[in-house]
Amino acid sequence: KQWYQCRVQSSGINAEYGDGVSSRCIKTFSEAHSGAEVTSIQFSRNGKYVLSSGKDSVVKLWEVTSGNVLNEYVGVTQQSHRTGAMFNHTEDLIIAPDEKGMAVGCWDARTAEPHPQLVTGHNNVIRTVQHSPTMPAFMSCSDDFRARFWYYRGI
Numbered sequence: 001k002q003w004y005q006c007r008v009q010s011s012g013i014n015a016e017y018g019d020g021v022s023s024r025c026i027k028t029f030s031e032a033h034s035g036a037e038v039t040s041i042q043f044s045r046n047g048k049y050v051l052s053s054g055k056d057s058v059v060k061l062w063e064v065t066s067g068n069v070l071n072e073y074v075g076v077t078q079q080s081h082r083t084g085a086m087f088n089h090t091e092d093l094i095i096a097p098d099e100k101g102m103a104v105g106c107w108d109a110r111t112a113e114p115h116p117q118l119v120t121g122h123n124n125v126i127r128t129v130q131h132s133p134t135m136p137a138f139m140s141c142s143d144d145f146r147a148r149f150w151y152y153r154g155i
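First residue of the sequence shown? That's 1 in my numbering, and the numbers climb one at a time after it.
Just so you know, these hints were derived from the structure itself, not from any lab.
Remember, it's a predicted structure, so these values are computed and weren't measured experimentally.
Keep in mind that the hints are not guaranteed to be accurate.
[To be verified] In silico lysine to any residue, SDA-like type, Cα no more than 25 Å apart, as pairs: (1) K48 / N88; (2) K55 / F145; (3) K55 / D143.
[Unchecked claim] Beta-carbon label-pair distances, calculated as ranges: (4) D143 / S22: 20 to 26 Å; (5) R153 / R82: 19 to 25 Å; (6) Q117 / S22: 14 to 20 Å.
Just so you know, even glycine gets a beta-carbon here, dropped at the ideal spot from N, CA and C.
Generate the whole structure from the sequences, applying the supplied hints.
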């Protein structure tokens, strides 16, 4: 079985994925975020797509084999901190923290249509969100020294 890993190059500008056993680079997404630092990357469960976020405040969905951008998700600010975006447990939604609004942005993964932002009650920058792999819930962690648990039935 083939194992893959996503990584951001030391320059922070290119995203790439490679063979997780030999560490051989398979594909590089050059200037993935228009020269801005790439802050996170994540494979979809089926391995056909990669989700990336960068300090250009854009979250992108890439097709792995072609290297083409399929969708761009805009509406959150990610410019000063290393924050990341991720899929929800069904991969129908994309979520990402908004460092200016101290909220969490959410989009339809297929259409890139935004949903209303979740106002979290954090009083400092949200550094990360982590979605449950099995249920409609996620955690938000902030520089206000709080981790908050969120459960939702639908957006």
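Open item on the list: Hint check: K55 vs F145, CA-CA at most 25 Å. Holds or violated?
Closed with: holds (23 Å)
Open item on the list: Taking the Cβ atom of D143 and the Cβ atom of S22, is their distance within the range 20 to 26 Å?
Closed with: Violated - the Cβ-Cβ distance for D143 and S22, about 38 Å, lies outside 20 to 26 Å.
Task: Whether the CB-CB distance between Q117 and S22 falls inside 14 to 20 Å - done: For S22 against Q117, whose Cβ atoms are near 42 Å apart, the range 14 to 20 Å is violated.
Open item on the list: Hinted pair, alpha-carbon criterion (25 Å max): K55, D143. Please report holds or violated.
Closed with: holds (18 Å)
TODO: Assess, step by step, whether the Cα of K48 is no farther than 25 Å from the Cα of N88, and give holds or violated.
DONE: holds (16 Å)
Task: Pairwise beta carbon distance, R153 to R82, judged against the given window 19 to 25 Å - done: Taking Cβ atoms as reference, R153 and R82 lie about 31 Å apart, which means the hint is violated.
Figure legend: structure checked against the earlier numbered hints; hints not met, in rising order: 4, 5, 6.
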